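Peer 1: The lines below spell out each chain.
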Amino acid sequence: MAKKILIVEDESPVRKAMMEKFQSEGFEVALAFDGVEGLEQAARLHPDLILLDLIMPKMDGMTMLRKLRETDAWGKQVPVIILTNLSSDDDGRISDVAELLPTYYLVKTDWRLADVVEKVKNKLLNGRNGESASS
Amino acid sequence: MKIRNKILVYFLVVLLVPTFVLSFFLVRNSQISLENQIIDKLQAVAQIQKNRLQSLLSEKEDILTLFTSRIFLKGDIRKYNEKPTPELQERMNASLAEAKVNTASIDAIIVANTKGVVIASFPASFIGTDISGDELFTKGIKKNDVSLFKKDTTTGIMDEYLTGPLVLNGEILGAVILEINPSNILNVSGDYTGLGKTGETLIAKKDDNGDALFLTPTRFDKKAALLRTVSKDQTNVPSVHAVNGEEIILSNAVDYRGVSVIAVTRFIPSTGWGIVVKMDKDEASVPLKNIMLMTIVVLIFVVFLSGFVLWFFSNSFSGPIKKLTALTKKIAGGDLSQRIVPSSHDEIGELAQSFNTMIEGIKEARSHVDEKVRVQTADILAKEQELEQSAKTSADLAKDLAKFKLAADNVSDQIVITDPEGVVLYGNKMMEKITGYSVEEAIGKKAGALWKHPMPKEYYEEMWRVIKTEKKTFRGQLQNRRKNGVVYEADVSISPVLDADNNIIFYVSIERDITKEKEVDRAKTEFVSLSSHQLRTPISAINWNTEMLLNGDAGEMNEKQVRFLKEIYSSSRRMIALINAFLDVSRVEIGTFSGDPKLVNVNEAAQDILREIHPMIEKKKQHLTENYGANIPTIFTDIKTIHAIFQNLVSNAVKYTKEGGDIGVKTSLSADGKDVIIEVSDNGIGIPNDQKHQIFEKFFRTEVAREIDTDGTGLGLYLLKLITDKVGGTITFNSELNKGTAFFITLPIEGLTPKDEKSLKPTA
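Line by line, the protein sequences give chains C and Y. For the first sequence, this note's numbering assigns the number 1 to the initial residue and increments by one for each residue that follows. For the second sequence, this note's numbering assigns the number 1 to the initial residue and increments by one for each residue that follows.
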């Protein structure tokens, strides 16, 4: 069965690119355009993994992630990869983030899309924070 | 009241009151003693009179006895009584005549027989007269009586008679009557010697009625003799008492005239005569009156005299005193030339003298003082010179101090000085502004108690460790709380002040309220983050889409398409590099580049970075030499700094060295142990000499570098310069075109600035 990916991203070009890539890789892709939708979709669809942007209208990624983790047992453990253009080293962001147990924190511009796919696959296949040999 | 009047009044009172009282008593006493004197005198006189009378009476007795004891006469009388004969008559008359001649005071002699017929007399005219009824005969025939008086009715002259019986051998022959000149008695009663003007001696006898009959004329009633009587009832009349036989003193008697008298009585029992010696009271008290008069006169005289005297006397006091007063006023006014002339040799004069002496003394003292002042002034002038010097210094110091104070007060940082326990000793104006506590409120209290906002325990441990144990300056950022409860962020630097023995005597803490700064920083950081985020977003879209195209996700690409796409991709990657570099630079410039200091092992950090760059090195087949110093201590810093250093330098070295080149990384400790030295060297293209001075400029890239790598940002070295500047280190290089480059970075281990080193942030 194809893995379901929930992409929570408000910027259309980026979202489109991600959607195209992951679909072409054989994933089932669901979309959410902000944190509110993201929570709804997550609850409804129970994706296997969530790709989460941080800067979003209505509800930002952090808040959504926090809420997600608090909702239920499923929410607590669903793998989330934060995919953002906010540097991780900004004033304590990492510590905030770490608390909410994302699988990764990736800065979009630092990563080729193909490599992101790689990471997703590794995570879903291995079921843990396994890293592929290349990054 | 003036002295003069005072003296007058007091003295007069003191003088006169006793005087009057005394006078009164004196008068009283005089009165009494006067009376007594009078009485004494009267007594004396009375006694004398009585004695005189008594002796007179005894004289008369003698006269009578002399006669009645004539025997021959008595024989003749007897014979005559038997048979009267002329010869007997003759002889009797002759005897009588003889007797009369022999006794001067006998005026007449009458001898009567028992029948009362005069049988013989001298003068003879009385012979044959019958006097049997006469008192003279009736009394005389019975016994001797020497106190009979009779007044001659015709002449009014009083006569005195002596009578007595003639007895011969127990046979009464008859009586004899001798008429005597009473002048002797009258002499006594008429003798007023010692009795003044109103004194007299009365001789009285009880008559048949019992009343007192005066026997002699009185001083005031010449006809009183044998006429005047005083009734026996008039008991306040002395005569009554006298004839009663009393011998007493009557000081309040009234005499026969009704006049108040002082009287003394005597009594001669043989004759029954009462004697009164008296004096009118008035006369008696005349001396007293005199005394009183004299006293009053004297008193008045005394009063006036003393008044007079006292007037002048007190003047002799108040006069000089007034003068002295006037003088002292003048002297108080400053005129020391005045002197007072002593006008007397008494105490006032002495006072005047000593006053003059005192003025002299003052004058002297003044001139003394003047002299002293002169000397002192000279001294002072000399000292002034000295003092001017030190005053200058003091003034300068004071100015400096004032300047310092002014500076301290006007500085925009808070300055607080505490004792070793943290109790506030001084705070500047800014302290009040920042903390909200006035200097008065803060002094004496612990700084921590006032404006501390709770920080993690480790924070305080570290702070005290640095300032107390290590006795070094602690720098950090912390949160404080103003008086009104508002929390603010402060940049703090606390330095201990040590004495000669290296003991801590003060802590000087300089704080800046960086809340605004921090806000600004935060705003800037946010802006930068957001900006870079916003910039990155479309680029990631470009990148990924391009990647997908290049990957063939949209189908095969022809060569030109691939080429163009690669161009696009590389440009967008450059943009990303720029954005990243810009982000770093901004952060360094804002100061938020590093925020998480830890203990960093420099060598390990180097290796971490090298591991990442390794693929690049391998790709270019370059040789890496690593030389890590052995005794490099771990430094307390943000790992990003170290990473940035190695990342930039090594990647530069790799980038700007051709394939097969050499890269060297070396870490070491400086000779004095104070710095860590990081050296990254290569044998690459080097830096042209004419561009060396620009190498650290923002966005600057050398031509040769540009040729090799078009994508460089020109921010790497700029960033490193910023970083090393911030931590107080240095970045230097040696380079020769086409030979190679070596970059040296020194990082001081101690005394790193707050933002980048030992920067403690609240973890809340």
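Possibly wrong hints are sitting among the right ones.
Distance condition first, Cα-Cα at most 25 Å in a straight line; then the derived BS3-like pairs of lysine-lysine [to be verified]:
{"no.": "1", "chain 1": "Y", "residue 1": "Lys142", "chain 2": "Y", "residue 2": "Lys206"}
{"no.": "2", "chain 1": "Y", "residue 1": "Lys151", "chain 2": "Y", "residue 2": "Lys83"}
{"no.": "3", "chain 1": "C", "residue 1": "Lys58", "chain 2": "Y", "residue 2": "Lys524"}
{"no.": "4", "chain 1": "Y", "residue 1": "Lys206", "chain 2": "Y", "residue 2": "Lys151"}
{"no.": "5", "chain 1": "C", "residue 1": "Lys16", "chain 2": "Y", "residue 2": "Lys524"}
FYI, nobody ran anything at the bench for these hints, they're computed from the structure. Predicted model, so just to flag it, every value in this text is computed and none were measured.
Peer 1: Each hint should be assessed against the structure and marked as holding or not.
Peer 2: Taking the hints in turn, this is what the structure says about them:
no., hint, verdict
1, Lys142(Y) x Lys206(Y), "holds, 19 Å"
2, Lys151(Y) x Lys83(Y), "violated, 35 Å"
3, Lys58(C) x Lys524(Y), "holds, 23 Å"
4, Lys206(Y) x Lys151(Y), "holds, 17 Å"
5, Lys16(C) x Lys524(Y), "violated, 31 Å"
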